[in-house]
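Residue numbers (the UniProt record's numbering), protein chains in the order written: chain A, 1 to 663; chain B, 1 to 663.
Just so you know, the hints here were simulated from the structure itself, not pulled from any lab data.
Quantities reported herein were computed from a predicted structural model and do not represent experimental measurements.
Possibly wrong hints are sitting among the right ones.
Where chains are identical, the list cannot tell them apart; a pair therefore holds if satisfied intra-copy or between any two copies.
Taking lysine to aspartate or glutamate pairs in the EDC-like style, the calculated list, with each CA pair at most 20 Å apart, reads [claimed, not checked]:
(1) K21 <-> E243
(2) K35 <-> E243
(3) K115 <-> D420
(4) K293 <-> E559
(5) K564 <-> E69
(6) K164 <-> E126
(7) K566 <-> D70
Number of protein chains: 2
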Amino acid sequence: MATGEVAMSREETEAFKVLVKNTLERRLFYIPSYKIYGGVAGFYDYGPWGCQVETNVLNLWRQHFVMEEDMWEIRCPCVTPEVVLKASGHVDKFTDLMVKDEKLGSCFRADHLLKDFLTKALEEFEEIKREREAAPGVAAQVVVEKKDKKKVAEKKRELLTPEKKREMQADLAGLDEFSGPELGAKIKAYGIKSPESGNDLSDPYPFNLMFSTQIGPTGTLQGYMRPETAQGIFVNFRDLYYESGNRLPFAAAQIGSAYRNEIAPRQGPMRVREFTMAEIEHFVNPDDKSHPKFKNVADLEIYLFPRAEQTALESHVKMRIGDAVEKGIVDNETLGYFIARTYLFLTKLGINKNRLRFRQHLANEMAHYAQDCWDAEIECSYGWFECVGCADRSAYDLKAHTAKSGHELTAYEKFDEPKDEMKLTIVPNKKVLGKEFRKDQKILSESLEAMTREEALALKAELEEKEKVTYKVCTTGQEFQLTKDMVAISEKLEKSHGRNFTPSVIEPSFGIGRIMYCLYEHCFYTRPAVPGEPTTTVFRFPPIVAPVKCTVFPLMQREVLNAKAKKMSNGLTRAGVSNKLDITGRSIGKRYARTDEVGIPFAITVDFDEGVTVRERDSKQQVRISDVDVVDLVRDLANGSMVWEDVTAKYKLVTVTESEADS
Amino acid sequence: MATGEVAMSREETEAFKVLVKNTLERRLFYIPSYKIYGGVAGFYDYGPWGCQVETNVLNLWRQHFVMEEDMWEIRCPCVTPEVVLKASGHVDKFTDLMVKDEKLGSCFRADHLLKDFLTKALEEFEEIKREREAAPGVAAQVVVEKKDKKKVAEKKRELLTPEKKREMQADLAGLDEFSGPELGAKIKAYGIKSPESGNDLSDPYPFNLMFSTQIGPTGTLQGYMRPETAQGIFVNFRDLYYESGNRLPFAAAQIGSAYRNEIAPRQGPMRVREFTMAEIEHFVNPDDKSHPKFKNVADLEIYLFPRAEQTALESHVKMRIGDAVEKGIVDNETLGYFIARTYLFLTKLGINKNRLRFRQHLANEMAHYAQDCWDAEIECSYGWFECVGCADRSAYDLKAHTAKSGHELTAYEKFDEPKDEMKLTIVPNKKVLGKEFRKDQKILSESLEAMTREEALALKAELEEKEKVTYKVCTTGQEFQLTKDMVAISEKLEKSHGRNFTPSVIEPSFGIGRIMYCLYEHCFYTRPAVPGEPTTTVFRFPPIVAPVKCTVFPLMQREVLNAKAKKMSNGLTRAGVSNKLDITGRSIGKRYARTDEVGIPFAITVDFDEGVTVRERDSKQQVRISDVDVVDLVRDLANGSMVWEDVTAKYKLVTVTESEADS
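Just chain A, same shape as in the assembly (with noise of 0.2 Å):
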């Protein structure tokens, strides 16, 4: 039964999850990595299904936005050297706040820890309250019991007051914006321990979550593993828009691996310390941000989350896209745009849409230099996530890079017209000024260069008046007798043709392995047993992201089979159709089974008659077709240009159950 959009309770999805993962471990889609070592937190190998995925998925996200959106795809190292990380923010802010266990020296993450406290607490609240309105008397009795401890009921008893949980619920809701002393505060208050000892807990202080390393042999090159693959587009931002002809907007790419050193991971592979990040860099003028194709998407129906409906605690609502541009509830065209096709994408790979929304950043949580920031979040049995960061990050990134590396970062717009601009000059008259200062002239005459128009002008009309004026160099201290003989400053109006701008970027941010779980999620669902057989799980991937397109079976264990399947398999490959060749001789109904279990939509029996018989996943409907036909049948049912109802239509449907096949 599909999980769908009916909710499930707390237990209901506790069970899922783990079942979903029971499937995902045992048919390899993930392997816990270095398992016969025992595993290290928050690494998981895919093994060949869920490698296979994330392929497909990589292809359709290069095909949907790489080439439809005729963006540049770059590759970058990994290992990047201090210098840009610093210049990124990086060094200094892509912190968590962590406390120790005072003994252990087991680390925790501060927020989590009263996260889970709190949610923990106010849950035993309820449940007390649920069962003394039950039966009024006899609850707390019923805890203590239960608990089998007499003390601690009678504590959360006495905390039971509405104040209590009032405050209880606003820390739950303020916890990202509390600072690290005020964590700790409350870490102390409520009386919190280690978790794994009940030892002490040290004061919250910033973990930086970047794996570190040196840079060669000589131990003064400081690197990280990169947290994020922007950063490699906005250092080679000059030659890229060079490439473009000197135009924006343009847009770059990157597909690659990202890191970051969780504290305490947990949420299995929705947090992972290594991971695939896809990321987009539009680059754009700052004064228009339309987007020429944002009428081919502005009708879309999408699940949006505003700030407003957020802190007047209302749920998401579905909007079209162009009314929320429109409205001013999304910053602009090119955002709306990238949100819009961000929707597209993950609902042709398989995401359910009614579990797809976009949530706005509140105010207090956005960078203070982002001008709006959407994040995709799926439903998951691990709460709603974010998947996708769509952001406005205005010119920031652009303008650090400038600033640490002294290389200017910006793009040249041409006026369509002159525009009539006032000009100042500043002319030192650096031979009078050497017979005068000698040595001194060069630093003077640069300090005059560098004056703001009103210190020029004010410098201009000074010398006008007195004979002589003193100036002081501000970064020397020094200070120097001047005549109106030893600098020429003038201002007038000249044409100017252009300018130059850092360009604004839109960022959407796409992290790869929590929307292929995701997926995994939606696409589950389990079948009722057939009679004498256990019941089986199913993943319903669309075709374009199934991990192979088509199982090939012998219908029984028969050389004469065997060959016949084994040159079909060839067919197909040679077609480019992937495709697994099952020649274990289980039985029909147990192979089934098994490509069903990890997704594959078709499976081609072929038996000792002419033809073959083609079977799809999710119907189980099966239909009879020459083996000449089938390679191209199956390839274009692979690649979406052809759906099963197009198959059913044209063929007919074989009625064989698939236990009879196995008789």
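With chain A fixed as given, assemble chain B onto it according to the hints.
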């Protein structure tokens, strides 16, 4: 002109290298990473064109190996805990010998310093010799004037004895075999100093080439960035074997980044610190390394450079791979099969088959456990360079991980017929032992059970002879007095139905970046200048690997033509044909030159008439074709199902010269 097989002088080679480098960097195939910060040695970004070439190379690799050979592809993290790389040997042995400038701390590879010194010295000898022969008695003077340093020249002349020359040649040839102390002694003996400063150098010492990092916040879990992708496959052997139906042979593959913290990288893109590898681990029964598809490749003629030819200082030889295996030059069919498949892959990419050879490792060069090893070497301006290693690594890796992890990484083989086997049984009588030795019973029982066959039979004999026998537990040194009733030792014939064994591994390992660089050189040529235009350069990439397949131009800058071109581009994109629209308004000749320069094989020009012009890159031939048919045509050309000759056979050539087109 093609570089092809024409032997170039050293100066020509250097000039060619610079020309290729400039083209690759100007058109952003490569961008030195973090360029605006001055760059970091050993890191390159792939700009748009390079990135697309890499994607195409990897897709072809997947089709050629993973799909056609039915392998399991998996993906593991790069961050690896120390225990895994301790088992593999990398923590102890993945080192280069390094020397330090004793004053400045700069680091150098010891072998490179010696090699550079010897190469240069020998060259200068030759130079002096040539000059002396040309004008006896004057040569020395010429050199002095040239170098403007009499003393230096004198010293070199003095060195020019036949004995000295032979010594230097021998040292150069034996470079790879020197130990650290030997290298140190040579550096001292030749008086080699720091090339940067002339300072003294330290003794050579091993520097581990792995990038080191810490996993998690505690500082107690040492990790490294993986130096190869192979280990991720080995540690997952059990699961992959199970998913393969517990059958051998099977193969797993992995594509991903690997890291090598080079001491002082030079040789540009051929020696970098972060690179993409594509590795295959083919697991096979050590008693049967035949390959069912070997017959399909046996007739291929490939340049091989066997051990015998190398030690005899002869050249590589063209050989039928079938003969090489039959004669025992290549150890076994499976290894031979992968050599042949590697050859087919590389030549399909566009590697010149006459500049590709497989060189066998010399006995002293090969790891002690390896059965046989052949490097695919490709000739480029850096010389013959290892780009792929094909090794039979025997059971080494699986045994190493079995020993370290305690998990048996073995396969099971069912015998065709049950075999008679002597089976030893050791049963300690725990009750009696417990009574006698109390808490020591456990360690004693374990020790008894762990006896070898010889030890057990000796003990049995002794117990039958004497009343009491002294038994020593070797791990603790404790001694115990045993009697006959304390342990039952027996041996009898049993039917054995199968055996567990550790599979052998055949490993083809591809350095994708090196292959790509060689591909660039092999595809590069210069084209005589069109009058009025500078000389242009071209990459003759096969369509399958070309960064994009097609450019689309409007004949001139007109709104209606731009729209028409855009429509054509969208149609190609929908059909999955990567393409670039060029509406820059440059002259047609310039636009052709720009697409030739990045190796785009086809260009479509739209004009005011019905139909479009398609132009092929290398022949510069053009045909006229309807705009309906052109998409399919270019798609077929791009995926290789059609070649240009098929087009010219079907469509009439248009005789427009490219300069005319601009008029």
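Hints, verified against the model:
Only between protomers do K21 and E243 lie at most 20 Å apart by alpha-carbon distance; the minimum there is 17 Å, versus 46 Å within a single protomer. Taking CA atoms no more than 20 Å apart as the test, K35 paired with E243 passes between copies only; the shortest distance there is 16 Å, against 46 Å inside one copy. Proximity of K115 and D420 under a CA criterion of 20 Å is satisfied in neither setting, with 59 Å inside one chain copy and 65 Å between copies. Taking the closest pair of Cα atoms, K293 and E559 come within 20 Å of each other only across two copies (18 Å); inside a single copy the shortest separation is 57 Å, beyond that limit.
In the homo-oligomer, the alpha carbons of K564 and E69 lie at most 20 Å apart only across protomers (17 Å), although the nearest pairing inside one protomer, at 43 Å, exceeds that limit. With identical chains, the CA atoms of K164 and E126 are at most 20 Å apart within one copy only, with a shortest distance of 13 Å there and 92 Å across copies. In this homomeric assembly, K566 and D70 come within 20 Å of each other (Cα to Cα) only across copies, at 11 Å, whereas the closest approach inside a single copy is 40 Å.
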